[in-house]
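Engineer: Protein chains in written order, with the working numbering: chain Z, 719 to 1063; chain B, 719 to 1063.
For the record, the hints were derived by calculation from the structure and aren't laboratory data. Heads up, a few of these hints could be off.
Said to hold, decoys possible - Listed below are the simulated BS3-like cross-link pairs for lysine-lysine, each with C-alpha atoms no more than 27 angstroms apart in a straight line:
id, chain 1, residue 1, chain 2, residue 2
1, B, Lys892, Z, Lys892
2, Z, Lys892, B, Lys930
3, B, Lys892, Z, Lys930
Number of protein chains: 2
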Amino acid sequence: MIFRQLFDSVSSTYSYLLAGNRGGEALIIDPVLDKVDRYLQLMRELDLRLVKAVDTHTHADHITGLGALRDRTHCITVMGERSNADVVSMRVREGERIRIPGVELDVLYTPGHTDDSYSFVMADRVFTGDTLLIRGTGRTDFQNGDARAQYESLFGKLLKLPDSTLVYPAHDYKGDTVSTIGEERAFNPRLQVKSIDEYVALMDSLHLPNPKMMDVAVPANIHIGLHQEDIARRGWSLTPQEALDVLGQPSTALVDLREARERDVHGVIPGSLHMPYDELDEHIRDGGLLHELAVATGKRIVFYCAFGERSAMAVEAAQEAGLTSARHIQGGLDAWKKAGGPLVG
Amino acid sequence: MIFRQLFDSVSSTYSYLLAGNRGGEALIIDPVLDKVDRYLQLMRELDLRLVKAVDTHTHADHITGLGALRDRTHCITVMGERSNADVVSMRVREGERIRIPGVELDVLYTPGHTDDSYSFVMADRVFTGDTLLIRGTGRTDFQNGDARAQYESLFGKLLKLPDSTLVYPAHDYKGDTVSTIGEERAFNPRLQVKSIDEYVALMDSLHLPNPKMMDVAVPANIHIGLHQEDIARRGWSLTPQEALDVLGQPSTALVDLREARERDVHGVIPGSLHMPYDELDEHIRDGGLLHELAVATGKRIVFYCAFGERSAMAVEAAQEAGLTSARHIQGGLDAWKKAGGPLVG
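Bound conformation, chain Z alone (with noise of 0.2 angstroms):
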């Protein structure tokens, strides 16, 4: 496995570049917008394809740089299903796991420093985001941060992994890189209480000022979304309504673009045909089967995803790739759902 963590000291924050080998697909956990052009010159440099952009919750001390590698390397961008963030490509809820070839990360809900933060688990090491920081926990004073339920996450979630389990989080200001799960549970300051009634009044008695960066990253990382509008301008968009009005007709190939786990838990509208977003690029090229089906038999294309992120790209490509009728349909199937349009599975 290729591991690389990444230091932005303007705001302290760590981010991971993991991959499952040189070549292949890779994944970046809590990417900063400033150092975004590092990322990618470093994905280059090792021939990664940056496949997941993931979020640990809504940051409010640096700007996410999740829109920017969206627009720069078409990857997917991840969050908790509990996000605030207007529209992100994939929602993820605790249970599920994120995958790219040779990295599997466990899905944990761990709200408290906000109620959108998530910890991503593997076997030998867990990402913390800012609930368990080393050696501190992330405030609970803003963003609908909760100490109760941070608790309940320390306790009753992160600190029932084995011990040896290697925690990296979000930040540190104080030069530490790495600890692990049975140091923290030993010698973190905040988590020698005996009662959540102390920890709760532990954390209400820190008193933190706002962090710098506050008025300008919350805003901004809740804004995120791909704007869908200029594909819709471009004459690409259907609307959920105009998309239910052909439903089942001949001339038109629905493509869901998710993931199995995501058809599984949140169904599939009838009739459609499957191919994974990440396999896109095989299949509009010439010579590829969405390719041939769409020349050989005239039909309209229309992709569809989980919030309209995913599709809106695959029609961009599409259309670069010269499936002039590619359409698909805005909003995804959130939206389609809203409209009242059917579902199976």
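We have chain Z already, so just place chain B on it with the hints.
Structural biologist: Structure of chain B alone, referenced to chain Z:
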């Protein structure tokens, strides 16, 4: 193995704590004075006992933690034989190994940034000091720096390590934490030169300002020796001449505190016993071998080592353990040789 990369954000220095296992002995590379409390706390928490503190070279941008760590833990200070520091406990040369249980560092002499720059190689990683940085190399324009020598250190030594070797430098200013030899060979802009002359011209063209700390740090880092004068004032020292006068007398037991390889390389005072410094505590306590020897025979114990540092610490410890006859040879074997003392082996 326990491995911790620790960052000093003031000087952007990386220090490295290594140990075979919890409860065992530890070694630290390039410690920073301001972070000594943190290192000691972490070692207490991990149940580690510091036995060696190593600098890759005489730093110009921060004050070394070697002296403070020696004073507070009685660890051995280690630098390369070409070090400009006044006194370190042990000097190593290329081809030798720095050992603690579970960790072995092969010493490479890699001059260029300074004339006392060394790198330390393990099976899967190398600590490159300021010789090889991530996508950079250490400046060569002061402290007897030499771009020509650095080219040889880089291309003749470090880049000959296997491609997969992890590179852990003494500094990073851009947020990287680790690289590999293969990556640096391919992507380090300073290493894309076609000849030694091109490298020298490149380094000559940099015109960097001096480090802010330089005028403070270099003198401080050169004068890190333990105050052997304090030991002398307490009457616990023999000058080399005084030691020569008692050589071979049955009333005196000379005890060599150095490691086996130091004895092989530099020779031994005739008739002296051998007790490595790391076994000191065990043997000077009541019931220990040396304690018993001193008490049973009435012999005066005279410690010696390479430069008088370990023996000065040993005298203090022995006096505290009740061995009031304990003495040491001031200046160690180095001073003994200069006084014309005989050696064997």
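Engineer: Decide, hint by hint, whether the structure agrees.
Structural biologist: Comparing the hints with the structure gives:
Our distance criterion of 27 angstroms between C-alpha atoms is met by lysine 892 (chain B) and lysine 892 (chain Z), whose separation comes to about 17 angstroms. Straight-line distance between C-alpha atoms of lysine 892 (chain Z) and lysine 930 (chain B) comes to about 21 angstroms, which keeps the hinted pair within the 27 angstroms bound. For the hint pairing lysine 892 (chain B) with lysine 930 (chain Z), the CA-to-CA distance comes to about 21 angstroms; that is within 27 angstroms, so the pair holds.
The earlier numbered hints are all upheld by this structure, with none contradicted.
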